[in-house]
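Student: Residue-level listing of the chains:
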Amino acid sequence: MESWGMILTGYGIVFGALLGYALVVLRRGRRLVDQLGLGELVTEAAEVGEHHEEPPWT
Amino acid sequence: MNSAIPETTSQFARSATASIPTRVLGCLAVASLAAVALLGLVVSPRDVNQGEAVRFMYLHLPVIWIAYASFVLAAVASALLLWKGAARPDKGRHYDRLAGAAAEVGVFFTALTIITGAMWGRLTWGVYWQWDARLTTTAIMFVSYLGYLALRQIPAEPVVRSKRAAIASLLAAVNLPLGHYSVDWGVTLHQEASLSSLSDPLITGDMLVVLVFSVMSFTIVAAWLMVHRYRVIRLEEIFEEEGLETALAARRAEVDQPGESGLETAGAL
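In the order they appear, the protein sequences are chains A and B.
Take any residue in the first sequence, count from 1 to its spot, add 84: that is its number in the numbering used here.
Take any residue in the second sequence, count from 1 to its spot, add 991: that is its number in the numbering used here.
Be aware that a few hints might be false.
[To be verified] Rough simulated footprint, nothing fancy, chain A against chain B, three-plus residues with beta-carbon under 8 Å: (1) 1061 to 1074; (2) 1223 to 1229.
[What the hints assert, rightly or not] Per the computed footprint, the stretches of chain A lying under chain B, defined by three or more beta-carbons under 8 Å from a beta-carbon of chain B, are: (3) 93 to 102; (4) 110 to 122.
Since the hints were made in silico from the structure, they are not lab data.
Note that CB positions come from ideal geometry on N, CA and C, so glycine has one too.
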């Protein structure tokens, strides 16, 4: 019984930490996109029908 | 047209560091991790010697594998930066980003290795921690790469900073073979490698299948994390460069208006 408690805690820690780290990385990227105004660039480009600057992976 | 604009913006803001391949990779990672939980907790049989505690193997082995692989990748990228970085148009910034992303993912997985190892050790050895060869070298590895990440944060010229970090990464990598082979060389409670070769593994049957699947799943997760972290570092660089340009523009504007310049005032005094 003691081992099952420890095992479930271990799985919870690992999966929880992975989820937390992934969210931190995604939020950091999103915040930088906002701070750099890349979202605004997309809007302006869409308004005038021009090519817009964006990261190479999009 | 107007109705499409917010949609475009929100799509971009929502995606940020994502792309279609990373979305596919992310879905694959979530699905395979769910399968790991199911296989590790339900499908895998209990071990004759370790009992239920063997279920920690499906976490502990994959996370240390990712940690080692990440640090090796960081070392290779650092070596390439020092060797070929100067000749590249970007002065080796690509290698620097790769090393930084890999090292951070490696540190994260090393922390998970230490946590899962301590819990597994408590069930099988009766103690959370022992200062033996494998555990000590793993702790040194963790601390040395934390130092590497701290070094990357010290402000400096980008080229200088990346070279400095690359040297630190190569120095930290010296500990990797010591850690890996410490179970063979030193006195340790830690068991020998369970999966040093697929042709002659120490475990077989369902346990081997679950372990290999788990290693593959965590590799997908690490790849996803590393790609996103790389892209965040690129965005951070753009942010830094834009900040510098803004500061320079502000300074030039000050110089163009001598009456309001602090230097002008100082000269008058």
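Student: Check the structure against each numbered hint from earlier and tell me which ones fail, lowest number first.
Tutor: 1
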